[in-house]
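Q: Sequence:
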Amino acid sequence: MAYIPPHKRHLTDASTPSPTPDFLVPQFSKNLNLSSSGSNVDRRKEKRALKERKIVYANHSLSRWCVVGLTDDKQFPAYVGLEPTSLGSIERKTGEKPLTLVDSRRGKENSDAGGNISKSPWVYVAENVQQDLLSYFENVRNEMEVNNVEEVKPSLTAKFGKILFHGDPSVGTESVRKNLVTEVKLRQLKRQFYTNVPSSYVKNIIDGVVPKIGVNFEEEKELYQIKLSDITRPDSTISCKCSVTQDEKKLKLYKIELNQVRHLVIDISCLDKNLDLRLMLSTKRILTSLTDDEKQSISNLISSAILDPDVKGGLRWPFGKESSGDRYSVIGVWHIKAKAYTNSSVRLRVRDADRFDFRSSAGEVAREITLKMTGLVSQLREQKVEVESVSDQLKDTLKLVWDHFLSSACSFT
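So in my numbering, the last one in the sequence shown is 413, and the numbering has no gaps at all.
Rather than coming from a laboratory, the hints here were simulated on the basis of the structure.
We treat Cβ as the ideally placed atom computed from N, Cα and C, and that holds for glycine.
It cannot be assumed that every hint is accurate.
Unchecked claim - Here are the simulated lysine-lysine pairs, DSS-like style, with alpha carbons at most 30 Å apart: (1) Lys252 / Lys221; (2) Lys119 / Lys241; (3) Lys337 / Lys153; (4) Lys74 / Lys153; (5) Lys284 / Lys241; (6) Lys97 / Lys212.
Claimed, not checked - With beta-carbon atoms standing in for the labels, derived distance ranges: (7) Thr374 / Ser86: 49 to 55 Å; (8) Ser323 / Ser86: 50 to 56 Å; (9) Ser200 / Ile306: 31 to 37 Å.
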C-alpha cells in the first residue's frame, strides 16, 4: 500500500482547512474548518489564546475534525442534536455553556457499528488516518535526523473526552434537532477537545478495562511539573519535571524538556458513543545542551519553591523568587499523580493533575486517560516501514479503543 510522501503533498497549518483528500465524511468535512471560522478578530483572539497556553504546532502540521456515525447520505441522524452542557470550569472561562453533540437515544442500547457504514468504525477510521500518519511521521523522522535522535521523543496518543462547541447558542438545541445539524450551522462555532473525565469513568477503566486488555501495572508516581518562560525562546515553554525528596520538603529536578509540538491532530466525533476521540502525533525535545549557568539558574528557581498543599498546583514561591534574573520566570505548576499500565503495544496512563497558571491566576483539577501507541511508534521509527504491519496494528489498536474506551459503560456525562 503506497502513500504520498510529505514533499509531494499539500500541507497546512492548524488554522487553515486541509486540501488533502476528503476524510471519513467527505461532503461534510470538505469545507468545514471550525477553528478558523468567524471574523478576523476572532481568529486573532484564538491565536493569541493558543500562544498564551503555548500550544505549539509544527510548521508543517495538520489539524482536522471529522464525524463517525453519519447516515448513508452523509447527514447527521435525526436523533443527534446539539445541546448545552454544564461544565463549571469552561463556563467560568467563557461565560457560557458549551454545546455537545448528543444522541437522544442515550440510555438505550446503542449500535456499535458507527452509523450506517459498511465497515467497522475502527477499520473505517484506520484506513483514512493511515496515509496522514505515515506522511506526518516522515516529517518527525526528518526532525529526528536533524537533531540528536535521543533528544526528540515522538508520541502517538489516543485521548478520550468530549468535543465542545462554542458560539451562538441559538445554533444549538431545537434549531439543530431533527437532522438539522449541518455544516452551515457548525461552521459558526469553535471547537475544543475537553479531556477532563469524571471519576466514575476513571474507576471503570482501572477496575473494568485494565484486567481485560492485557496490560500490566508499571508504576505509580507523584511529580511536580514546573513551567518556565525563557526570554530567549519566546515561542516555547520549558518544562521541569521534579520528584519530591524523601523528607518531602524539597524538589529534586530530574528532567528538562521543551513543550510538546503537535504534528497531526485528528478529533473524531463518535455519534454512537458517549465519548469522543482525539488522535495526536507529537514530539517533545529533551534539553541536553544547557550551559552550566543556565542549569544553575533553573536549579535556583526549583530549589526556592515551597511545597504547599493549600495552594493550587501545590507549590508557591517567596516574593521575588519566582524568576531568575531577567531570563527565566515561573508561569505554571502541575502537581501530578499518575498510574501507568503497559504491554508491548500500548501504554495506558491514568492521571490526576492539579494545575495553576501564574499568568491568568486560574487553576483546575483534571482527571485524564491517555493511551500511547508505543508499538506503532516503534514500527514507524524503523528504517524501512512495513506499511501492511502498521495498518494491521493501527486497526487493532483502534478496535481496542472502540471496544473498551468509548463504550456506553464509560459514560462522560
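Q: Run every hint past the structure and note whether it holds.
A: Each hint tested on the structure:
no.: 1; hint: Lys252 / Lys221; result: holds (14 Å)
no.: 2; hint: Lys119 / Lys241; result: violated (43 Å)
no.: 3; hint: Lys337 / Lys153; result: holds (22 Å)
no.: 4; hint: Lys74 / Lys153; result: violated (38 Å)
no.: 5; hint: Lys284 / Lys241; result: holds (13 Å)
no.: 6; hint: Lys97 / Lys212; result: violated (36 Å)
no.: 7; hint: Thr374 / Ser86: 49 to 55 Å; result: violated (36 Å)
no.: 8; hint: Ser323 / Ser86: 50 to 56 Å; result: violated (38 Å)
no.: 9; hint: Ser200 / Ile306: 31 to 37 Å; result: holds (35 Å)
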